[in-house]
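Note that the protein sequences, when read in sequence, are chains A and B.
Numbering-wise (my numbering), the first sequence opens with residue 39 and increments by one.
Numbering-wise (my numbering), the second sequence opens with residue 1408 and increments by one.
Do not rely on the hints blindly, as some may be mistaken.
[Unchecked claim] Some but not every residue of chain A turned toward chain B, in silico, with C-beta under 8 Å:
| # | residue |
| --- | --- |
| 1 | Glu80 |
| 2 | Glu219 |
| 3 | Gln220 |
| 4 | Trp242 |
| 5 | Glu246 |
| 6 | His250 |
| 7 | Tyr354 |
| 8 | Asp430 |
| 9 | Glu460 |
| 10 | Leu464 |
| 11 | Gln491 |
| 12 | Thr492 |
[As the list claims (entries may be wrong)] Between beta-carbon pairs, the in silico distance windows are:
| # | chain 1 | residue 1 | chain 2 | residue 2 | range |
| --- | --- | --- | --- | --- | --- |
| 13 | B | Arg1519 | A | Ser133 | 45 to 51 Å |
| 14 | B | Lys1490 | A | Val140 | 50 to 56 Å |
| 15 | A | Lys150 | B | Gln1479 | 53 to 59 Å |
Derived by calculation from the structure, the hints in this document are not laboratory data.
From the three backbone atoms N, C-alpha and C, an ideal C-beta is built for every residue, glycine too.
Chain by chain, the residues:
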Amino acid sequence: LDEDLLNYALKYAQSRSVEYAEVRGQSQVIEGFVLRNGVLEESVSAIDSGFCVRIIAGGGIGFASTNRWTEKEARSIVDLAFKYARTARRKDAISFAEEKRVETEYTVDQRKNIEDVSQEERISSFGEIDKALASCGVKITATLSQCATSLVSKYFVNTEGSRISSFVPRIGAYVFITVVEQGKTEQSHEQFGYSGGWEALDEWNISERMIHDAKALRNVMAKGKAVRPGNTDLICGPKVTGIAAHESCGHPMEADRILGREMSQAGRSFIYNGGSYWIGTRIGSDVVTVVDDPTLAHSYGYYAFDDEGVKARRRYLYKNGLINEFLHNRESAAKIGTRSNGSSRSMSYQTEPIVRMANTFVLPGDLSEEELIEDVKQGIYMKSFTEWNIDDRRFNQRYVGSEAYVIEKGELKDPVARPMIETTTLKFWMAVDAVSKKVEFDAASCAKGDPEQTVPVYDGGPCIRLRGVYVK
Amino acid sequence: MTDVLGKTEEIVEKAKAFGADEVVAKTTFGKYRQTRFSNNQIDITVAWNDYITDVSLAWEKRVVATQINDFQEIDAKIDRLLKLAKASKENPTFGGYAKGSFRYAKSMADKRLPDLEDPSRFILEAIDAAQEEAGSQIECGGILFTGFEDVYLVSSEGAIGVDSRSGVELSIRVFSEREASGHGVECSSTLTGFEPSKAGVKAGEVARMARGPKAGDEGVYDVVFDPLIFGSMLDVWADMVSAFSVMIQSSIFVDKLGQRVAPEIVTLKDNPGAYSLANRVFDDEGVPTRETVFIDRGILKTYLHNTSTAKIFKTETTGNAGLPFPEAWNVEMDPGKVSRDDLFKEVKRGLYLTNTWYTRFQNPAKGDFSTVPRDGIFLIEDGEVKQSLRDLRISDNALSILNNIIAISKERQHVHWWGEAETPSLSPYVLVKDVHMTKSR
Chain A
39 LDEDLLNYAL KYAQSRSVEY AEVRGQSQVI EGFVLRNGVL EESVSAIDSG
89 FCVRIIAGGG IGFASTNRWT EKEARSIVDL AFKYARTARR KDAISFAEEK
139 RVETEYTVDQ RKNIEDVSQE ERISSFGEID KALASCGVKI TATLSQCATS
189 LVSKYFVNTE GSRISSFVPR IGAYVFITVV EQGKTEQSHE QFGYSGGWEA
239 LDEWNISERM IHDAKALRNV MAKGKAVRPG NTDLICGPKV TGIAAHESCG
289 HPMEADRILG REMSQAGRSF IYNGGSYWIG TRIGSDVVTV VDDPTLAHSY
339 GYYAFDDEGV KARRRYLYKN GLINEFLHNR ESAAKIGTRS NGSSRSMSYQ
389 TEPIVRMANT FVLPGDLSEE ELIEDVKQGI YMKSFTEWNI DDRRFNQRYV
439 GSEAYVIEKG ELKDPVARPM IETTTLKFWM AVDAVSKKVE FDAASCAKGD
489 PEQTVPVYDG GPCIRLRGVY VK
Chain B
1408 MTDVLGKTEE IVEKAKAFGA DEVVAKTTFG KYRQTRFSNN QIDITVAWND
1458 YITDVSLAWE KRVVATQIND FQEIDAKIDR LLKLAKASKE NPTFGGYAKG
1508 SFRYAKSMAD KRLPDLEDPS RFILEAIDAA QEEAGSQIEC GGILFTGFED
1558 VYLVSSEGAI GVDSRSGVEL SIRVFSEREA SGHGVECSST LTGFEPSKAG
1608 VKAGEVARMA RGPKAGDEGV YDVVFDPLIF GSMLDVWADM VSAFSVMIQS
1658 SIFVDKLGQR VAPEIVTLKD NPGAYSLANR VFDDEGVPTR ETVFIDRGIL
1708 KTYLHNTSTA KIFKTETTGN AGLPFPEAWN VEMDPGKVSR DDLFKEVKRG
1758 LYLTNTWYTR FQNPAKGDFS TVPRDGIFLI EDGEVKQSLR DLRISDNALS
1808 ILNNIIAISK ERQHVHWWGE AETPSLSPYV LVKDVHMTKS R
């Protein structure tokens, strides 16, 4: 990154009548490939490098970016951002919540350096997954595997004197399989993500997980019973807990949605000032605490400082069942009269930073998974899910089980085919009466904003037990 | 600009000199501008300047790709790419890039679009129109987007092309109450005929009608799909008709070529015509784009192909490259014979749905999915739009929806929308029978 040019851009911005300006340079070294049925379709190698400027002037915000690293282009994008900020003509001026000046740098360590891993080794590692699936005894008619590494360097400066350099290596993978049994077809996919080096491959055990999924799908097709619709107890595995935490806690707690800034795209929130839900309102039982934490070491959503230069920290979103703290950037925090909690993220130098989750999960309790199950007379254990969605207020949601079992008298029994819960955020979290003690995480790519920005996140949690919910 | 074409040629020549068998380089100089607004005020205006060359090459059937920013470090990047190819594995299904030189249609891109002097006037026009419909107390949000690209493509296999592509889009969502909203879009490749007030009128009209929604009932309904929500369905089918989706079995169209997948009234095409946001005169291999009928009077005729997938399926490219994978550009549904008004009259008791979001599949091969309607859900009784409803979900199957189309309107609209209707389309009002709706309990 040409830091001198970025400093020049900031200095040029300061020469205009700006209330605030920041410049962010970002370079991503990207390597990836796609395998279809074990055959390498394509390998990709690229360096995407550019910078952006964001300006507050005349009460409006302007943003401009480029991948042309020249002083002339820097002046050009500053001029554009300045012009656009001033033409907003807002009735109420935008301001940012106060922040401390920060000068720092941080990096994420790699035990096995990504750059030292040859293309041959990368392809071979994923080729082995295909071989393992081909010989696992399940009829798998199609596989798609993708792997991508990115080495992300950033340099952030603003007119308040902050200056932050960072280097975060990331690795992500995705595997999609189609399983056929007795003329039926089922499909499953898994996503993997890690901030750090190639050592992630050793921790993921992709082959083992995909073989498990393949066998579970075969089991469902061969032996899965239909659900008898009705009220029953439901135990959600960590994958289901995690998606619910993300969708019906993380998203509705994003302050920009609450304030209406996403009203035309991802929507608003069931939480709003003057409505039935606000900070302090009960949304779940006492045992429900959901946090978002960017500081988890080597997590997919890791960062130490957000893209506005604010120090990251754990946020308690739902705390003991009460709505506790929204996710904020500096703009939303100013509007609500609080401070940013470091939730501002941008996908690349081409996009403005907006309010985002990082790693969202339910905090653990004291019970083992077995103890949760033992106390269910009749119920369903939904270990993983396939289809899911939620309305744009983040209130009406649905999760369809992929691997799932009947629970009878405290024991797991036959597999059950596609159990489905379609309920509200309030009913879901209020029904939770117990939480197990082992938290597990899944990697995901969270999409939001216009243009759509995809950022790496973890969802997760322990097993949770819901009493008397309608399952069909 | 010939300098840009020259530099793009230089990349291809260098890659060949470094040992590549086949190379395609596509340089895009793009200027993109977007103004976002919410609560009736402008939140931010964003400008992107992009100078990028996409390079795809093959060496002994090892297929690799990279991007070069602003023609920087060409030699080093090509060298690195060839080294990557040599460390990669053969793709036996790689069928080469399109051979030969081609003639292209003239681009109709609008040169006024790169830098509008005051784009916010379009937003104010849309908000004013919405307020005319739904009153001054409404809350409006949305975007105005303009884009202009100069595209230069050079292939070692003969294709050389220069294209300009432009687009302008206004999207507005209007809230007349906390849970009553409407959405309108106005999309065009040029400013000629671009009428942002139309989007405001539509969003305002639906938002006004949506006031006082009641909880809807689960059940099976005949449903009138508005062009905007039907654009989301067209997007689903467009994605699934790509040959690559078929190859990975992420499609309801696997093994269905030549079979009936829809009633006779349904004809679907891909056509990145001059009017479309996806306007282009050649694809990413330099093959001229064209109209491709993929469902002809209900029969699945073809998948969408690039040169490689066409060879796998023993057919010809449809001009839908996409490297390495083919993609739809702009889907058109042929118009029907009934007017919009007459189409509603055919419904004794059903629903009118205007927009949706969060479409997710249980299993793309089987097509079971659900999606969450928003921005106006209405009960239709005896052909008339009656009560506004809320909290319903479509829980059905993508093949069943296609099969159950019973009427298509004469009127069509060019639609594109964030998140769901990502593939631009020319979409009519469509009546579908027996659509399954569910709700939370």
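We went through each hint and held it up to the structure:
Residue-level restraint check for Glu80 of chain A holds (minimum Cβ-Cβ distance to chain B is 4 Å; threshold 8 Å). Residue-level restraint check for Glu219 of chain A is violated (minimum Cβ-Cβ distance to chain B is 13 Å; threshold 8 Å). Violation of the interface hint for Gln220 of chain A is found here, the shortest Cβ-Cβ separation to chain B being roughly 14 Å, above the 8 Å cut-off. Taking 8 Å as the C-beta contact cut-off toward chain B, the hint placing Trp242 of chain A at the interface is violated, the least distance being around 21 Å.
Restraint check, Glu246 of chain A versus chain B: the minimum CB separation of about 22 Å is more than 8 Å; hint violated. Taken as an interface hint, His250 of chain A does not check out: its beta carbon lies about 18 Å from the nearest beta carbon of chain B, beyond 8 Å. Of the supplied interface hints, the one on Tyr354 of chain A is violated, with its beta-carbon coming no nearer than about 27 Å to a beta-carbon of chain B, more than 8 Å. At about 6 Å, the closest approach between the beta carbon of Asp430 of chain A and any beta carbon in chain B falls short of 8 Å, and the interface hint on this residue holds.
At its closest, the beta carbon of Glu460 of chain A sits 5 Å from a beta carbon of chain B; the interface hint therefore holds under the 8 Å criterion. Hint status for Leu464 of chain A: violated, given a least beta-carbon distance of 10 Å to chain B, over 8 Å. Because the smallest distance between the Cβ of Gln491 of chain A and any Cβ of chain B comes to about 12 Å, over 8 Å, the interface hint for this residue is violated. Violation of the interface hint for Thr492 of chain A is found here, the shortest Cβ-Cβ separation to chain B being roughly 12 Å, above the 8 Å cut-off.
Between Arg1519 of chain B and Ser133 of chain A the beta carbons are some 35 Å apart, a value that contradicts the proposed interval 45 to 51 Å. In this structure the supplied range 50 to 56 Å is violated for Lys1490 of chain B paired with Val140 of chain A, their Cβ-Cβ distance being about 40 Å. With their beta carbons about 30 Å apart, Lys150 of chain A and Gln1479 of chain B fall outside the hinted range of 53 to 59 Å.
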